[in-house]
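Trainee: As a plain string of letters, each chain reads:
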Amino acid sequence: MKTIPMSRRAALRSSASLLMAGASMPTLAAVGGLPSAAHDDSSPEWERLAAKLFPGKRVQAGSGIVQLTAPLRAAYGASVPVKVVSKLAQTPSLYVRRLHIVVDKNPSPIAAVIDLTTEAGQADFETRLRVDEYSHVRVVSELSNGELHTDSRYVKTSGGCSAPPNRDALHLIGRTMFKLPAGVTMNAPTTADVTVIHPNDTGFELNNVTVMFIPPHFVRSIKVSFAGKKIFDADLDFSLSENPTLRFNFVPRGPGELRAEVVDSKETQFVGTLAVPGIG
Amino acid sequence: MLRRVWLAAALLIIATQAAAAGFPPAYKPSVIEPKGVPESYEFDLTAALARARAEKKRLYIYLGANDCPFCRKYEAFLDANAGALAPHFAKDYLVYDLRSTLKAQGERLRFRVGDKSWPYKEFMATLGDERARQLVYPSVWLLSADGKPLMQMPAGTGTFETVPEQLEILNLVQ
Numbered sequence: 000m001k002t003i004p005m006s007r008r009a010a011l012r013s014s015a016s017l018l019m020a021g022a023s024m025p026t027l028a029a030v031g032g033l034p035s036a037a038h039d040d041s042s043p044e045w046e047r048l049a050a051k052l053f054p055g056k057r058v059q060a061g062s063g064i065v066q067l068t069a070p071l072r073a074a075y076g077a078s079v080p081v082k083v084v085s086k087l088a089q090t091p092s093l094y095v096r097r098l099h100i101v102v103d104k105n106p107s108p109i110a111a112v113i114d115l116t117t118e119a120g121q122a123d124f125e126t127r128l129r130v131d132e133y134s135h136v137r138v139v140s141e142l143s144n145g146e147l148h149t150d151s152r153y154v155k156t157s158g159g160c161s162a163p164p165n166r167d168a169l170h171l172i173g174r175t176m177f178k179l180p181a182g183v184t185m186n187a188p189t190t191a192d193v194t195v196i197h198p199n200d201t202g203f204e205l206n207n208v209t210v211m212f213i214p215p216h217f218v219r220s221i222k223v224s225f226a227g228k229k230i231f232d233a234d235l236d237f238s239l240s241e242n243p244t245l246r247f248n249f250v251p252r253g254p255g256e257l258r259a260e261v262v263d264s265k266e267t268q269f270v271g272t273l274a275v276p277g278i279g
Numbered sequence: 000m001l002r003r004v005w006l007a008a009a010l011l012i013i014a015t016q017a018a019a020a021g022f023p024p025a026y027k028p029s030v031i032e033p034k035g036v037p038e039s040y041e042f043d044l045t046a047a048l049a050r051a052r053a054e055k056k057r058l059y060i061y062l063g064a065n066d067c068p069f070c071r072k073y074e075a076f077l078d079a080n081a082g083a084l085a086p087h088f089a090k091d092y093l094v095y096d097l098r099s100t101l102k103a104q105g106e107r108l109r110f111r112v113g114d115k116s117w118p119y120k121e122f123m124a125t126l127g128d129e130r131a132r133q134l135v136y137p138s139v140w141l142l143s144a145d146g147k148p149l150m151q152m153p154a155g156t157g158t159f160e161t162v163p164e165q166l167e168i169l170n171l172v173q
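Heads up: the sequence lines are chains A and B, in that order. With numbering that gives the first Met the number 0, letter number 43 in the first sequence gets 42, and the count goes up by one each step, no holes. With numbering that gives the first Met the number 0, letter number 35 in the second sequence gets 34, and the count goes up by one each step, no holes.
Incorrect hints may have been included.
Said to hold, decoys possible - Okay, derived cross-link-like pairs now, DSS-like style, lysine-lysine, Cα gap no bigger than 27 Å in a straight line:
| hint | chain 1 | residue 1 | chain 2 | residue 2 |
| --- | --- | --- | --- | --- |
| 1 | B | LYS115 | B | LYS72 |
| 2 | B | LYS34 | A | LYS178 |
| 3 | B | LYS90 | B | LYS56 |
| 4 | A | LYS178 | A | LYS82 |
| 5 | B | LYS147 | B | LYS34 |
| 6 | A | LYS82 | B | LYS72 |
What the hints assert, rightly or not - Stretch by stretch, here's where chain A covers chain B in the computed footprint (C-beta under 8 Å, at least three residues):
| hint | stretch |
| --- | --- |
| 7 | 122 to 134 |
| 8 | 143 to 156 |
Derived from the structure by calculation, the hints contain no laboratory data. Glycine residues also receive a C-beta, built at the ideal position from the N, C-alpha and C atoms.
The shape of chain B in the complex, shown without the other chains (with noise of 0.2 Å):
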């Protein structure tokens, strides 16, 4: 009987954890789920460049891990501050959450435009983007409405996770 009670404790906190992963709701994110599973993970931006044509907004392109603490510290701290920064995220950008785990990783991460697709190195490469060299997670892209990246983005978000500086990066403060 204490067995079972473990067992339940245990799996709702699993429960907990696995809703409580991902960009806050406040912020609106639109979720993409990696295809191609487990062999490789790759996320489809085509339609979220679409909408950003359509709209005629920018992305903010998150990619988090499951598995991640720092992917939980930095969605906790917008979720903390939702009120002063979701406006400002809904003003200019379409908020997409690429639901990602640490094992995606080298050539099995992967990202697909329309009919293209690339391994994250490659990607990176085609955007310019000195992240190349090492996947970390959470990772950040600015995108403008036709793919091109806004501007170079650090590796992880601990250099954005006050209100100020999270406003520094809304507006392109390099």
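Next up, chain A with everything else stripped away, as it sits in the complex (with noise of 0.2 Å):
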């Protein structure tokens, strides 16, 4: 079979019509929205999705690279809480180049994917996920050297009776600000957190008053970078969660400014800044 390179917007934009295509696809492998599929069971969706991501080259699962964390259930489907922890530092001689977060069974199933620079000390992530039904979610981490790692967690997710989604604060959409939880640490890992206000609506959603479906807007991308020097660039997607959130690590030097570029399905751009201090 040919296949055809694509760059990662490119992916993430064809990954829904991947699913659509592959609806009537023999069965390759255990099959997501099981009550008991294992969390390293691969699924249709991954197959067919990873021949088109890594064409040719070999996934490694069980490495003990990269771990992901997610629960079995989360308290919603809406809002499942990620966390990707790698397990080499980001050095220059190896390091963590990109991450790739997929949800198999979403409509868009590419939630992220995430360039890194050495800046970042430590390839470590955290977010929020949608996950629509039953599915495994995956990280692969590519490495400097051109390995690729992977890890799953299988999760559940279902609906029920409630009340509307809160939009009420529309005019703050595009705020982006940055958290340091834990304070900052000179020449070391830290952590930081961005999050972009931002409905992030999926194009799936029905509105209860209008009876229409209220139309996809969602953060496209986000540029951290520090004192001038590149974090990350992460493309993101609709599959990321209301007000998207990323908890990452970059490394100080000396006061600078964390800066983060964001622009949204509407191409419409935003910017937030933090002042990071020197210590002494």
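Two chains, two frames, some hints: make the complex.
Mentor: Structural data, given as structure tokens:
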């Protein structure tokens, strides 16, 4: 089969249609949506997606290079906390170059593709995802030497009778904020949160009042730098929850500015900054 | 005459549905009716916690609404699988069935323990439960005899409507 190399953006855009196209394909592996799928099972969706994203490459599972944590059942399917932990530091000789976060069964399964530099210090990430139905959530860690390592968790979600989501703060859309939850540690990986106030509408949600679908409107990318140096560029999708938040690391080597440049699906641009003081 | 027949039939259907609402009897649920209706729907958990302490059991607290289709679905599942599930419930849990309505949202839904009463969000925050953000019917809480949550439960019951999954919940599989 001939495969066509895809850019990350193209991969994100085409992931929904990949699922649609694959609807009638024979089952290749354990099917999601089962009450008792194992965390490390594959799925037909993943088999197809991996073949497109990493053609001809071996994706190693269980190597211990990357670990994904997610609850078996989250409080809400629209906000499933996930944590990626990398077992190697970001050194020039070997580092995590890219992280792919995938939700097999979502209409658009590639939730995030994060390009990293050694300025991150430690390629750990936390965020919250929408998980549409019983599905595996996966991370693929692409190292600077070209190796691919993966880990996965099976997550169960469902709906119920509830009030519609709160959309009272539309005037705040785009407000981008940083937090340093544990303060600053000079010359060492320092944890930071970047949050964008944004509904991250999927396009699949019905407005209870108008009975019309709410058009898709979501954060498409977040680029974060410190003191002018790139920490990471993240291509994102509506699989991230409302008010997308990324917890990441960076290594401050003196005072500087954390800066996030955000673009959403209407091509609106937002910027958030935080001055990080030096210590001493 | 025909109108009377239709009316009687409609009332019969409503009465049947009302009787069917709630945790199935095979699980020996204790029903807690709300107080303060219609201004508020306050559920008093004081006696449930006292009994759990006395009997050294956990609490399986179910909040259902009389007008909630997802609640009927879960109750029907429990009813259909009572033979397989009821003994597992009885082994470790006391089941309490809180009878609410979808109208009971926000500040109107309250919980009481002793002389303290909280609206839904504050009660969830007190428990450290992530479901403070949004109330979903039905909801289930698993509490220890001293009122502490045994694990973070999901909103709704859709992820444990098979026998193996219900057993996962009872066995606190996370």
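Trainee: Now tell me, hint by hint, if it's right for this structure.
Mentor: A quick look at each hint next to the structure:
1. With a C-alpha separation of about 33 Å, the suggested pair LYS115 (chain B) and LYS72 (chain B) falls outside the 27 Å cut-off, and the hint is violated.
2. As the CA atoms of LYS34 (chain B) and LYS178 (chain A) are separated by approximately 43 Å, the hinted pair breaks the 27 Å bound.
3. Taking the CA atoms of LYS90 (chain B) and LYS56 (chain B), the gap is about 9 Å. The hint holds against a cut of 27 Å.
4. At roughly 17 Å between alpha-carbon atoms, LYS178 (chain A) and LYS82 (chain A) fall within 27 Å of each other, so this suggested pair holds.
5. Taken as a hint, the LYS147 (chain B) and LYS34 (chain B) pair is honoured in the structure, with Cα atoms around 23 Å apart against an allowance of 27 Å.
6. About 33 Å separates the Cα atoms of LYS82 (chain A) and LYS72 (chain B), which puts this hinted pair outside 27 Å; it is violated.
7. Restraint check on the stretch 122 to 134 of chain B versus chain A: 6 residues with Cβ-Cβ distances below 8 Å, three needed, restraint holds.
8. Under a criterion of three residues with beta carbons nearer than 8 Å to beta carbons of chain A, the stated coverage of the stretch 143 to 156 of chain B is upheld, 6 such residues being counted.
Of the hints listed earlier, those the structure fails to meet are numbers 1, 2, 6, in rising order.
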